[in-house]
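Colleague: Spelled out from the first residue to the last, the chains are:
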Amino acid sequence: MRKRSLTLLSDGTLFRRENTLYFENERGRKPLAVEGIYDLYIYGHVTITSQALHYLAQKGIAVHFFNHYGHYDGSFYPRESLNSGELVIRQAEHYLDREKRLKLAKLFVTGSALNMKKNLKRWKVADGFSEMLKELFEELEGAEKITEVMNVEARIREAYYSRWDGHLPEGFKIVKRTRRPPGNEMNALISFLNSRLYATIVSELYNTQLVPTVSYLHEPGERRFSLALDLSEIFKPIVADRLATRLVTKRTLSKEHFREELNGVLLTKEGMKKVLSEYEKELTKSVKHPELKRNVTKKRLIRLEAYKLIKHLVGVKEYEPLVAWF
Amino acid sequence: MSSEEYPLTDLLITGTEINYLFICPTKLWYFAKGITMEQESDWVDLGRFLHEQRYANEEKEVLVGSIKIDFIRRGDVIEVHEVKLGKSMEKAHEMQALYYLYYLKKLGIKAKAILHYPKLNETKEVTLDGREGEIEKAIKEVERIKSLPKPPNPVKSKKCLKCAYYELCWV
Ligand code: SF4
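Protein chains in written order, with the numbering used here: chain A, 1 to 326; chain B, 1 to 171.
Hints in this document: simulated from the structure, not taken from any laboratory.
Do not take every clue at face value.
With a straight-line Cα cutoff of 30 Å, these simulated DSSO-like cross-link-like pairs (lysine-lysine) come out [as the list claims (entries may be wrong)]:
hint, chain 1, residue 1, chain 2, residue 2
1, B, Lys112, B, Lys150
2, B, Lys150, B, Lys119
3, A, Lys293, B, Lys87
4, A, Lys3, A, Lys255
5, A, Lys293, A, Lys273
6, B, Lys150, B, Lys162
7, B, Lys150, A, Lys311
8, B, Lys105, B, Lys162
9, A, Lys317, A, Lys124
10, B, Lys156, B, Lys110
11, B, Lys33, B, Lys60
12, B, Lys156, A, Lys288
13, B, Lys112, A, Lys311
14, B, Lys156, B, Lys60
15, A, Lys293, B, Lys137
16, B, Lys105, A, Lys311
17, B, Lys159, A, Lys3
18, A, Lys269, A, Lys288
19, A, Lys269, A, Lys311
20, B, Lys158, B, Lys146
21, B, Lys159, A, Lys311
22, B, Lys150, A, Lys317
23, B, Lys156, A, Lys281
24, A, Lys285, B, Lys158
25, B, Lys119, A, Lys311
26, A, Lys103, B, Lys124
27, A, Lys317, B, Lys162
28, A, Lys311, B, Lys33
29, A, Lys281, A, Lys103
30, B, Lys159, A, Lys100
31, A, Lys281, A, Lys30
32, A, Lys269, A, Lys30
33, A, Lys298, B, Lys158
34, A, Lys59, B, Lys162
35, B, Lys140, B, Lys156
36, A, Lys59, B, Lys156
37, B, Lys119, B, Lys91
38, A, Lys317, B, Lys140
39, A, Lys59, B, Lys124
40, A, Lys124, A, Lys311
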């Protein structure tokens, strides 16, 4: 049985009775087949009993919590069952050694930028981006501090957003990327997707021996699982940005799927439902992997990226960030 | 070769490590460093299932020092039983069993090993009889591979297709 992600969007209670997990709300009580759950995403107001949490921990299921806006709040990351002292040491070594850390940080930025370029080409709004990237990559190469790397990254992103807007329909322009709270519909959508993607990556890392708190581009401790932030640089353009674009250009989402609150714009429950179901569909789509010569789901690509990182850290093969071929 | 070469206290290798040596040195290295993949393999689940079903009444998962034996039967001579799925890794299974026998002999316990292939309805008996040299060579080789700073280069073979490390090795 292939395990699947489970999302709880409605309010209710999660509890365990004997060896079954139940979700109960005013519509009734539903048993959840725990053996088939890969990870759990909770958006509603859900009360969880400690027995339910114990059970989830025992089964190695990570639980991710999101707030009212659909922003990531935190994860219940069961006590790690996968440990490799060797890998912990290598991860720390690559953080402490300035050259090694810079190298990885730059690779994340490079991969991210190349995926942005790929998107702009798809959307036919790439004018001048390649040339600009060339210059910025030169600057990136010369960077000697993480802050400089971050700075280049920010400029690449800015150039990307301004072009991306050219492809988006009226009413769904990004204009200025604002985060918390999101200032308009597109910003709300991107933030929502990025949050979910981040949690997906946290889950993938949970299933490897990588320590999620030791990172290279982002400062460890910036957020709890800063390595997931590093990896999300690679996947944001090809998962979140592409999906956000498709949802609004194909009019799957319209203005009525958003609402304005005192603190900004957010997706309605109906909007979230649509986005999440498309997100799940997107991640289970397969692409043929050129090296593995197998079909892999887009979600699996995240795991593979973690494996590539492991190989880099143990010195088997230098990390080459995923650049979408699809 | 003398079997005095390895005092028991030096035998920190597990049966799985000996087994993996004969499957693939790359796999052995990753496994020995705690970079494991097996938790997701259906193959392992099946093994667990068989273990729980058919051999429900045996004295199972017997720990002796660094080795863990599937199950043991006590008679005139101790019988070490290992349950395996297919025969494609027969050599690896045999060496693992031999290692257990070697280990037990160091403890002064005379034993024989029985490999079970429940899916094929077959069993195979393994005895140490003068094969100490073979197992000592294997122990040395496991130690050598574990001490390498990075895993031996993977070599693509038919085994890779069913291996839980496939993606890690070939991505
Ligand atoms: S995939 Fe092949 S090379 Fe890699 S560990 Fe498995 S058997 Fe060895």
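Colleague: Please list, smallest to largest, the hint numbers that this structure does not respect.
Modeller: Structure breaks hints 1, 2, 4, 5, 8, 9, 10, 13, 14, 15, 16, 18, 19, 23, 25, 26, 29, 30, 36, 39 and 40.
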